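Novice: All residue numbers for the sequence shown refer to the numbering used here, where the first residue is 6 and numbers rise by one.
Incorrect hints may have been included.
[Said to hold, decoys possible] Within a straight-line C-alpha distance of at most 25 Å, the following computed PhoX-like cross-link-like pairs (lysine-lysine) qualify: (1) Lys71 x Lys59; (2) Lys71 x Lys12; (3) Lys178 x Lys166; (4) Lys168 x Lys178; (5) Lys80 x Lys33.
Derived from the structure by calculation, the hints contain no laboratory data. Given the structure is predicted, the values throughout are model-derived calculations rather than measurements.
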Amino acid sequence: MKSSIWKRVIWTIGLFILLVLLVVVSWKLSSQTGTQSNQLSMRIADQMIDRLDKYFDLNRLDTFWKVTFNQLLRKAAHFMEYTVIGSVMCIMLNVAFKRALPAAAVSVIISPLFGFIDEYHQRFAPERTPRLLDIYIDTAGVLTGVILITVFFLVLNYIRKLKGRIKELEEIK
């Protein structure tokens with residue numbers, strides 16, 4: 006019994022540290038100037054376009070590949086970043102409290118606040134502008150991560166109950 010409690014405590018602390026690291030990285034990226042942030046995403050976009058161009062004949066002069074792809078990549082990064090943050094928060098709370106739905110509810114309430122604070126923080130970074138759309142994208146990412154993790158834990162709990170029920174039935178025989 007004590008061993009399982011300690012395992013949960015250790016996992017919870019580890020997940021909390023991971024969550025803090027994710028938020029710190031997010032904060033650090035939001036501290037970049039608009040130019041630095043755009044250069045980073047353009048480098049990544051260029052690498053992705055280079056890889057895609059090997060398989061598809063891309064017209065690199067097309068506005069989509071020069072501008073729009075970078076913007077889509079930036080929004081996808083927002084979504085993925087907060088999918089991971091919401092997932093880690095939900096896993097941490099599931100491990101700590103062993104209650105899937107309350108863990109999901111708390112994660113859905115708290116995780117988007119990180120996105121809101123992050124966008125507010127961008128107000129003070131040179132050449133950066135906080136955007137309501139980014140908060141919506143962050144929240145959609147959180148919801149996606151929390152839903153995936155919650156379904157996983159609900160299915161896991163259901164399987165555990167079925168195994169327990171099977172064991173009870175076998176003992177009756």
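Novice: When the structure is checked against the list of hints, which entries are broken? Sort them ascending.
Specialist: 2
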